[in-house]
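Colleague: Knowing the structure of chain L, use the given hints to seat chain C on it.
These protein sequence lines map, in sequence, to chains L and C.
Residues 0 to 429 (numbering that gives the first Met the number 0) are what the first sequence spells out, left to right.
Residues 0 to 429 (numbering that gives the first Met the number 0) are what the second sequence spells out, left to right.
The set of hints was computed from the structure by calculation and includes no laboratory data.
We put the CB at the ideal spot given by N, CA and C, even for glycine.
A hint or two may mislead.
[Said to hold, decoys possible] Covered, in the sense of this in silico footprint (three residues per stretch, anywhere, with C-beta under 8 angstroms from a C-beta of chain L), are these stretches of chain C:
id, segment
1, 1-15
2, 78-90
3, 173-186
4, 321-327
5, 387-400
Protein chains: 2
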Amino acid sequence: MRYLAPEYVYTVQGWQSNTLIVINDDGVIEALREQHNPAGSECLEMPGVALLPGFVNVHSHVFQRALRGHTHRALSQSETFWAWRNAMYRAASQLTPGGLYELALQTYREMLAAGYTSVGEFHYVHHQPSGEPYANPNAMAEAILHAGRDAGIRVVLLLTAYAQGGFNRPLEEGQRRFSDRSVDAYLRRVEDLRSAGFLVGVAPHSVRAVPPEWFQPIAEYSRNAALPLHVHADEQVAEVEQCQAAYDCAPIELLERWGALSPRTTVIHATHASQVELALLARAGCTVCVCPTTEGDLGDGIAPYAELLTAGIPLVIGSDSNTRLDPLEELRWAEYSARMRYQRRRVLVRDELASPGSLLLDCGTRSGAQALGLATGSIEPGRLADFVAIDLSHPMLHGWNEQDLLDTLFFGCSTSVIKEVWVQGQRMSG
Amino acid sequence: MRYLAPEYVYTVQGWQSNTLIVINDDGVIEALREQHNPAGSECLEMPGVALLPGFVNVHSHVFQRALRGHTHRALSQSETFWAWRNAMYRAASQLTPGGLYELALQTYREMLAAGYTSVGEFHYVHHQPSGEPYANPNAMAEAILHAGRDAGIRVVLLLTAYAQGGFNRPLEEGQRRFSDRSVDAYLRRVEDLRSAGFLVGVAPHSVRAVPPEWFQPIAEYSRNAALPLHVHADEQVAEVEQCQAAYDCAPIELLERWGALSPRTTVIHATHASQVELALLARAGCTVCVCPTTEGDLGDGIAPYAELLTAGIPLVIGSDSNTRLDPLEELRWAEYSARMRYQRRRVLVRDELASPGSLLLDCGTRSGAQALGLATGSIEPGRLADFVAIDLSHPMLHGWNEQDLLDTLFFGCSTSVIKEVWVQGQRMSG
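So here's chain L without its partners, still in its complex pose:
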């Protein structure tokens, strides 16, 4: 047993002071005790510190960290998402298992220091550039998982299926290494990682890259194994138009038709989702992951935040291309983007008097944990002891009070206020 005595801790009842956190030897929260009654030398006093649950980064492509700052010059005549994608493919073509390990190790360290204690890694660079598998077909996935372990961040590997270059189009040159030879070969790799004890989920890349004859068995596998299913949809207008042309419906309607919508499904982006699509997500109990810094970078547009909330769809966040790593900035700009779209204030800010608990914090923690199938995201007995320790004396926080501390944090701060980060009961930095 280990005991932490922070000045404040954010529990399901809100901010608590004089609360002792009891952590067992598995790194799980055993109990919250109402008073500081330290059990001798094993109790760590944390004056001037407020503990939050660790942030959950639901959507990361870790290798894209290599592109940071290198895609803002003229890439082509038309400066679009698709030109950016070509630059990303060039970076992907350079990766080796060893190089990917180094890049992921360093990026995960930066991610952890930013307060993310868990990450969903949407991983699609699987094979040799020719498309030929490595001797170990999961060499690249394992490089990432080992980097996560060595950095100290919890990685859920969302192994990506990628079968075609667009609706009914063959793979392009730069996409060969993303693709397995068959859906069975893909599912075998998922199975192997699961058997080896890794945390995994399935991730059919998108309706444009995965045809129905792959999609359906993958969705079935996810149902049978109770694994998360993550999929990109509606990030770009062109994707919606191509889907309409190929199938006479929008991407999320196609997901529904293919049996891919369930409470374990997380749709990444949904920027251009229609009311019909949102209603399908709501009915099936799906989650939506927004990635504000990357969506801003790529010029995707602004997600239909108000409609998502009205439909009762849980929102989570992802750092996606990892051009920025700061959950506070992601959450702040989710809200600010929404304010720009609707030209009013307080879109994602719940009225705490009517409904206690911070919606922005939930997006960054509890709902994210649920989207990855993890027992973390809140500070309560039975959850993993993943914490972010906030330095209450930091100048950015000056003027905070207990009632508004989360808002001062989300709207006024960067990760500079994070003093240390804890994963499964272990202090990882500070």
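Modeller: The following block gives chain C in isolation, referenced to the frame of chain L:
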């Protein structure tokens, strides 16, 4: 003389290495020498450091820092800018000269640590809450100027004129302390601050708060004294509608009619400016100041960035309500907001091959200095030695190269990468 030898320095020719900066005893850059030829112990070697010009914060209301995080709960039934303004008026009503000094001192220290070396303080809380002047009518302005001096940041006091509560409407209770008894009384206070040697500008608050019989003498004073004139315009749709109702034209058209547009004029926000208004600004050589974090917070909408650029109107940035202090975030989200509005990439990112120099950096430095009438904002002989020292070994910058260093900084970093800040040849922090 003092000599700095950073690893890199951003000059008007771009990044330079092996360049020695020579600073004279007035804190002015005397010369840039092509090689490291340190004059003995007076040369400060700065390995692993890249020097940028200090950032210029063109628009600040320093006391609004007290609202950080405290305006996101339900303020009223309708969650608008105008409800936020009531909360801000309540904060303004509490201020005393002593309290304002303390708040400004602390906020300016935070601002300086964030890399802003100069600030335009748009100051409007002038008198006692009743409207009665203090014994020293500039007591509040001097509190701010002394706080700036003690924090070590350069303050240009943009003394605000405020005469009415709206178009042809009397002052409201909470606005009394903003208003001078007459435009002459106001101009006398400007004159007094100038005579005392402070850096000042005039700031008729807006066309709704200042009638033509005040506006015209203020504009004339600015012309005669060659002082900056700053004015809010087109932040909110309601303001534009009220202006149309009262004068049958938009706010910037009214500014033109009242003789307030010149190369010394900076219009704050211009979020809802029409093409006609932008053409007037361009013709008169005016500057526009955007405030992305505050405009996001207040739900103002997204400025017409592409149209501003096409019209050749210089853009500058301000931290405005000081809810966030980070010039990198302001510049990143100026660009990202523009990408959201236009759903394409690279709106404010100049093609460096066609036209060297970073437009985002110019917005944050050189153009800002011009808007405040200051000889700073670039590292060249004759300019003030105001620098931000970037730590090139910071994990956020990993993977930088010389060609893309500014983009890696603007798109991938927070102010955590700032190692120290220099104002007029003096190291202020680090």
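Colleague: Against each hint, give a clear statement of whether it holds in the structure.
Modeller: Hints, one by one, checked against the model:
Under a criterion of three residues with beta carbons nearer than 8 angstroms to beta carbons of chain L, the stated coverage of the segment 1-15 of chain C fails, only 0 such residues being counted. Under a criterion of three residues with beta carbons nearer than 8 angstroms to beta carbons of chain L, the stated coverage of the segment 78-90 of chain C is upheld, 5 such residues being counted. Judged by the Cβ-Cβ criterion of 8 angstroms, the segment 173-186 of chain C is not covered by chain L as claimed, because only 0 of its residues qualify and three are needed. Three residues within the 8 angstroms Cβ limit are the bar, and the segment 321-327 of chain C against chain L gives 4, so the coverage statement holds.
Coverage of the segment 387-400 of chain C by chain L holds in this model, with 6 residues showing a Cβ closer than 8 angstroms to a Cβ of that chain against a need of three.
Hint violations for this structure: numbers 1 and 3, all remaining hints satisfied.
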